[in-house]
Amino acid sequence: MAEKAYGLLINYEYCTGCMSCEMACAVEHDIPVGQYGIKMEEIGPWQIDKKHWQLDCVPIPTDMCDLCAERVGKGKKPTCVKHCQALCMDYGPVEELAAKLATTKTKSVLFVPKSGVAE
Amino acid sequence: MTQRIDIPHDSDSSKEVRPTFFNEPPVMYTGGDVPWQWEEDGMICTRSAAWSAPGCHDGCGVIVYTDKETGKFIKVEGDEENPYYQGRLCMRCLDVAEAIYHPDRLLYPMKRDPKDRGKADKWTRITWEEAYDMIDEKFTAIRDEFGGKSIIFASGTGRVTPPINARLGYALGSIQYSYFHSGNACYVPRVAAANTIMGCYTCPDFSMQFPDRYDNPEWVAPKNIFIWGNNPLIANADGNLGHWVVDCMQRGSKLVVVDPRLTWLASRAELWLQLRPGTDSMLALAMSKYIIENDLYDADFVDKWCYGFDEYYEAVKPYDLDQAAEVCWLEKEDIIKASEMMAEQPTAVQWGLALDMNLQCITASQAVHNLWCITGQVDRPGGMITVHDPYNTEVWLPPDPREVFTPQQEKERIGSTYEMITNSGMVQCQADSMIDQLVTGRPFKIHGAWIQSTNPLACCAQDPEPRVEKGLKNCDFVVGVDCFMTPTLMANCDVVLPLCFYPEREGLRSVWYYIQNTNKACEPMGESKDDFQINWELGRRWNKDLWPGETLEEYFSYLIQEAGITYDDSRKLNWIYPEFHYFKYAKGEQRPDGQLGFNTMTGRIELYSLLLAQWGQKPLPYYAEPPMSPYSQPELYKEYNLVLTTGARHYESFHSEHRQMNRLRSKYPDPRFEIHPDAAAERGIEEGDWCWIESPIGRCRERAHITPIVDPRVVQADHGWWFPEADPEDQGEGCFATYARNINVVLPSECGDTGFGNQSKCYLCKVYKCELDEIPLPAPEHPKERFAEGSFRNFTYEAEMEA
Chain A
1 MAEKAYGLLI
11 NYEYCTGCMS
21 CEMACAVEHD
31 IPVGQYGIKM
41 EEIGPWQIDK
51 KHWQLDCVPI
61 PTDMCDLCAE
71 RVGKGKKPTC
81 VKHCQALCMD
91 YGPVEELAAK
101 LATTKTKSVL
111 FVPKSGVAE
Chain Z
1 MTQRIDIPHD
11 SDSSKEVRPT
21 FFNEPPVMYT
31 GGDVPWQWEE
41 DGMICTRSAA
51 WSAPGCHDGC
61 GVIVYTDKET
71 GKFIKVEGDE
81 ENPYYQGRLC
91 MRCLDVAEAI
101 YHPDRLLYPM
111 KRDPKDRGKA
121 DKWTRITWEE
131 AYDMIDEKFT
141 AIRDEFGGKS
151 IIFASGTGRV
161 TPPINARLGY
171 ALGSIQYSYF
181 HSGNACYVPR
191 VAAANTIMGC
201 YTCPDFSMQF
211 PDRYDNPEWV
221 APKNIFIWGN
231 NPLIANADGN
241 LGHWVVDCMQ
251 RGSKLVVVDP
261 RLTWLASRAE
271 LWLQLRPGTD
281 SMLALAMSKY
291 IIENDLYDAD
301 FVDKWCYGFD
311 EYYEAVKPYD
321 LDQAAEVCWL
331 EKEDIIKASE
341 MMAEQPTAVQ
351 WGLALDMNLQ
361 CITASQAVHN
371 LWCITGQVDR
381 PGGMITVHDP
391 YNTEVWLPPD
401 PREVFTPQQE
411 KERIGSTYEM
421 ITNSGMVQCQ
431 ADSMIDQLVT
441 GRPFKIHGAW
451 IQSTNPLACC
461 AQDPEPRVEK
471 GLKNCDFVVG
481 VDCFMTPTLM
491 ANCDVVLPLC
501 FYPEREGLRS
511 VWYYIQNTNK
521 ACEPMGESKD
531 DFQINWELGR
541 RWNKDLWPGE
551 TLEEYFSYLI
561 QEAGITYDDS
571 RKLNWIYPEF
581 HYFKYAKGEQ
591 RPDGQLGFNT
601 MTGRIELYSL
611 LLAQWGQKPL
621 PYYAEPPMSP
631 YSQPELYKEY
641 NLVLTTGARH
651 YESFHSEHRQ
661 MNRLRSKYPD
671 PRFEIHPDAA
681 AERGIEEGDW
691 CWIESPIGRC
701 RERAHITPIV
711 DPRVVQADHG
721 WWFPEADPED
731 QGEGCFATYA
741 RNINVVLPSE
751 CGDTGFGNQS
761 KCYLCKVYKC
771 ELDEIPLPAP
781 EHPKERFAEG
791 SFRNFTYEAE
801 MEA
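Line by line, the protein sequences give chains A and Z. Be aware that the first sequence starts at 1, since it is given in my numbering, and climbs by one per residue. Be aware that the second sequence starts at 1, since it is given in my numbering, and climbs by one per residue.
In case anyone wonders, no lab produced these hints; they're calculated from the structure. Each hint should be verified, as a subset may be incorrect.
Which residues of chain Z face chain A? A few of them, derived with a C-beta cut under 8 Å, are [to be verified]:
{"#": "1", "residue": "90"}
{"#": "2", "residue": "140"}
{"#": "3", "residue": "267"}
Ranges of calculated distance between the beta carbons of each label pair, as one might list FRET restraints [unchecked claim]:
{"#": "4", "chain 1": "A", "residue 1": "102", "chain 2": "Z", "residue 2": "3", "range": "53 to 61 Å"}
{"#": "5", "chain 1": "Z", "residue 1": "33", "chain 2": "A", "residue 2": "41", "range": "38 to 46 Å"}
{"#": "6", "chain 1": "Z", "residue 1": "638", "chain 2": "A", "residue 2": "63", "range": "34 to 42 Å"}
{"#": "7", "chain 1": "Z", "residue 1": "41", "chain 2": "A", "residue 2": "106", "range": "31 to 39 Å"}
{"#": "8", "chain 1": "Z", "residue 1": "299", "chain 2": "A", "residue 2": "74", "range": "52 to 60 Å"}
{"#": "9", "chain 1": "Z", "residue 1": "68", "chain 2": "A", "residue 2": "63", "range": "27 to 35 Å"}
Here are the simulated lysine to any residue pairs, SDA-like style, with alpha carbons at most 20 Å apart [to be verified]:
{"#": "10", "chain 1": "A", "residue 1": "107", "chain 2": "Z", "residue 2": "252"}
{"#": "11", "chain 1": "A", "residue 1": "74", "chain 2": "Z", "residue 2": "42"}
{"#": "12", "chain 1": "Z", "residue 1": "667", "chain 2": "A", "residue 2": "34"}
{"#": "13", "chain 1": "Z", "residue 1": "667", "chain 2": "A", "residue 2": "64"}
{"#": "14", "chain 1": "A", "residue 1": "39", "chain 2": "Z", "residue 2": "669"}
{"#": "15", "chain 1": "A", "residue 1": "77", "chain 2": "Z", "residue 2": "74"}
{"#": "16", "chain 1": "A", "residue 1": "76", "chain 2": "Z", "residue 2": "42"}
{"#": "17", "chain 1": "Z", "residue 1": "75", "chain 2": "A", "residue 2": "73"}
{"#": "18", "chain 1": "A", "residue 1": "74", "chain 2": "Z", "residue 2": "67"}
{"#": "19", "chain 1": "Z", "residue 1": "75", "chain 2": "A", "residue 2": "33"}
{"#": "20", "chain 1": "A", "residue 1": "107", "chain 2": "Z", "residue 2": "268"}
{"#": "21", "chain 1": "A", "residue 1": "77", "chain 2": "Z", "residue 2": "75"}
{"#": "22", "chain 1": "Z", "residue 1": "572", "chain 2": "Z", "residue 2": "561"}
{"#": "23", "chain 1": "A", "residue 1": "76", "chain 2": "Z", "residue 2": "34"}
{"#": "24", "chain 1": "A", "residue 1": "74", "chain 2": "Z", "residue 2": "66"}
{"#": "25", "chain 1": "A", "residue 1": "74", "chain 2": "Z", "residue 2": "80"}
{"#": "26", "chain 1": "Z", "residue 1": "254", "chain 2": "A", "residue 2": "54"}
{"#": "27", "chain 1": "Z", "residue 1": "68", "chain 2": "A", "residue 2": "28"}
From a predicted model like this one, the values you see are computed outputs, not experimental measurements. Glycine included, every Cβ here is placed at the ideal spot set by N, Cα and C.
Working from the sequences, and respecting the hints, build out all of it.
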């Protein structure tokens, strides 16, 4: 537990649902098949109006996510962030991520998993 | 990370491997400023390129982590320094440990008596020397008696194998380099069309030709990107990574997606054209007409660099917007908007497989290709860049048979009566002619087959009666090379050679833009070897001139000698990019003779194709209604009342690969077809129901996935399924039950009049629920048979672990 909260900022305008985060996490942490450290959820597709569709993919960290404490301790990115094919994930202290979120121009969500909450 | 290297310009052509097409500029940009190997936390880290096996066309930059003490593979991560993918990886590559340590992995060469083909317990382990001796003896005997022409050398989709597979055949004296897919309908038709029209191939400019990528000062993001007939995020069409499109979107590019399905990219597109399958050329021709008649084309470019514009305009004149809207199931306003966006500069087009899988694939490709020509996108930053093999390195395109065979021998290439197959720079046999010939033995019998890194029974065996399998059964001797026992090897092969995975081997990787080594990070498990090594070792028995070098590394040095470096140098340079120039046609850099213009007869882009005319084809693009459509078959359509399109891709697999990878398979366990909620409701179909998909020629079962992403009149069905957990022997549905749930059995094997194209993307079918007793049950386990005497499983990693 840290003094400051840490989290994952996800720009889900660009998350393509490729599941690289899920797999990178599963192999890094040897997570059993059917369980997840981060899981991509799809919302849609359905048609909103003639030209617009609802289709979003959002990866959600689970209680098995430790925000890659060991990797981060060595100065590396969490493996989900590193391997994200859409480059739509960011890791850091919540205050830094929140500052980015404050000026976001596209759909975004900030997750603070269990392992990231402040003491 | 980039290191610039100035290389002395060498006017001496003695180093040339092949006649030079492109003289590379005397500068290369490399990754020589970062190490290729280092140590970290008790692990050895090896920089490499993931250029199969397992997997795809891409060869992404990776770091392979191995144990310093034991040398064993630990994990792979993306290489953040590598310009191609900058540290990212797909889920299949991230799961490579599962492939390496998979229980079913083949570790030893084995043989089986040809009379026991299809039997799972008749295998005998042999040594590599025995295997090579046997292959050498059988193939040379066939060659000496019936000629080299009677042995085919087949590989699958382009990765390491095509050039070395062709070269191996050439060394034996066989010109029959081949691929089993009806109408050779993957990539090859588009490349052939592009070669024919403008003497080279073009790719959308996503900056991949620059080591500094999006920061390159000359590069600009395409204003618009057309995604035409592919889902590049998953398919990574033609060696271009789909997520580069997302990078460009984040830099302001707008999308137009031409696809019968709503893909993720379509959901984010400025414009999604949900066209009826098989009507691409109608759309392209109507767009051309609109662009020309509204003066949206690049008149200056057309005037200077294109040939036959007046004839071309006459050809597109009949295709008006109303007609196109009706034929393509689109709205007129959307076609207008697409035309306007196509005309903006710069616009890039990522085209794909749907154009190949059409009987009119050449004219459809021509129609789309001409759009980016008349709008002046060619070799413009953010447009369509012209590409070639860097330093003439033979790693992507196969060698030209004309370097080895006489014109008379060349006529023996199967399908050589198709002028376009023979003369458009493609070197494959025509697939349908080859399959016919395997089955009928006419005009001459095929006696031998070498099947390398391809699983045609699962992927390419069209027709309800699997003629590929039947045809291969007619051969006297068949060799298979693969990582796992596949339906193809089980049904047809007499000798099986085990392949290793990319962390376990050396090699060279290139798709147009740069060269990189695949560096061996760990020893291959068991006695498995890689494609390069196998073909070099065997090829040298037949023709040392074609397989030079006393060691495999010397052979690699031979391949890259035009870069003026050895394989060992190349390892230390990591990636090697020739200096890229835009507007080559305007600088005398697009033709071997140094003249301005393009490498065609007229020196221009031939909107009116003189070559097509010469080959007896229509020189100008046109639209023909697909032979199996609601309009061409109104009577059949009453019963077969859905348009069938097939082969959409999923992240969890690469064609028929990865079916045995638990982490991937568990996410996508069964083949599915997509059907609109209204169409499903009409038929009483619910999500997950097993259904029959039946065409006038055959039927197969897949599971329903109900989704609004397809038109109610269209269904899309998955391809390439087999079941590693099923009975290896044929119990009526093929080895490993490969025909049980395989959409190819409802499709015919027949090509268009050019020799290219098939009907995989546009056919007719009906869909109905399986009866209770027709629902496929989970395959029974066969624990008793697993290690029976003679079982192939005795030569797998599982057996090694048991021991």
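Hint by hint, here is what the structure shows:
A least Cβ separation of about 6 Å between residue 90(Z) and chain A falls short of the 8 Å threshold, and the interface hint therefore holds. Interface restraint check: residue 140(Z) against chain A, minimum CB-CB distance 46 Å, threshold 8 Å, status violated. For residue 267(Z), the interface hint holds, since its Cβ comes within 8 Å of a Cβ in chain A; the closest pair sits about 4 Å apart. Range check, residue 102(A) to residue 3(Z): about 40 Å between beta-carbon atoms, so the 53 to 61 Å window is missed.
For the pair residue 33(Z) and residue 41(A), the beta carbons lie near 41 Å from each other, so the given range of 38 to 46 Å is met. Between residue 638(Z) and residue 63(A) the C-beta distance comes to about 56 Å, which lies outside the given range of 34 to 42 Å. Against the hinted window of 31 to 39 Å, the Cβ-Cβ separation of residue 41(Z) and residue 106(A) comes to about 37 Å, which satisfies the hint. Taking the beta carbon of each, residue 299(Z) and residue 74(A) are about 59 Å apart, inside 52 to 60 Å as hinted.
Between residue 68(Z) and residue 63(A) the CB atoms are about 34 Å apart, so this pair conforms to the stated range of 27 to 35 Å. Our distance criterion of 20 Å between C-alpha atoms is met by residue 107(A) and residue 252(Z), whose separation comes to about 16 Å. For the given pair, residue 74(A) sits about 14 Å from residue 42(Z) by alpha-carbon distance, which is consistent with the 20 Å threshold. A distance of roughly 8 Å separates the Cα atoms of residue 667(Z) and residue 34(A); the hinted pair therefore holds under the 20 Å criterion.
Among the hinted pairs, residue 667(Z) with residue 64(A) is consistent with the structure: their alpha-carbon atoms are about 19 Å apart, no more than 20 Å. With a CA separation close to 18 Å, the supplied pair residue 39(A) and residue 669(Z) stays within the 20 Å bound. Restraint check for residue 77(A) and residue 74(Z): the C-alpha separation of about 19 Å stays at or below 20 Å, so the hint holds. Of the supplied pair hints, the one linking residue 76(A) and residue 42(Z) holds, its CA atoms being roughly 17 Å apart against a limit of 20 Å.
Between residue 75(Z) and residue 73(A) the alpha-carbon distance is near 19 Å, which keeps this suggested pair within the 20 Å criterion. Between residue 74(A) and residue 67(Z) the CA atoms are separated by roughly 18 Å; this keeps the pair inside 20 Å, and the hint holds. Taking the CA atoms of residue 75(Z) and residue 33(A), the gap is about 17 Å. The hint holds against a cut of 20 Å. Distance restraint check for residue 107(A) and residue 268(Z): the Cα-Cα separation of roughly 12 Å lies within the 20 Å cut-off, and the hinted pair is therefore satisfied.
Restraint check: the Cα-Cα separation between residue 77(A) and residue 75(Z) comes to about 16 Å, which is no more than 20 Å; the hinted pair holds. Distance check on the hinted pair: residue 572(Z) and residue 561(Z) sit about 15 Å apart at the alpha-carbon level, within 20 Å; holds. Proposed proximity of residue 76(A) and residue 34(Z) is supported: the alpha carbons are some 18 Å apart, at most 20 Å. With a C-alpha separation of about 18 Å, the suggested pair residue 74(A) and residue 66(Z) falls inside the 20 Å cut-off, and the hint holds.
With a C-alpha separation of about 16 Å, the suggested pairing of residue 74(A) with residue 80(Z) holds against the 20 Å cut-off. Between residue 254(Z) and residue 54(A) the CA atoms are separated by roughly 18 Å; this keeps the pair inside 20 Å, and the hint holds. Restraint check: the Cα-Cα separation between residue 68(Z) and residue 28(A) comes to about 19 Å, which is no more than 20 Å; the hinted pair holds.
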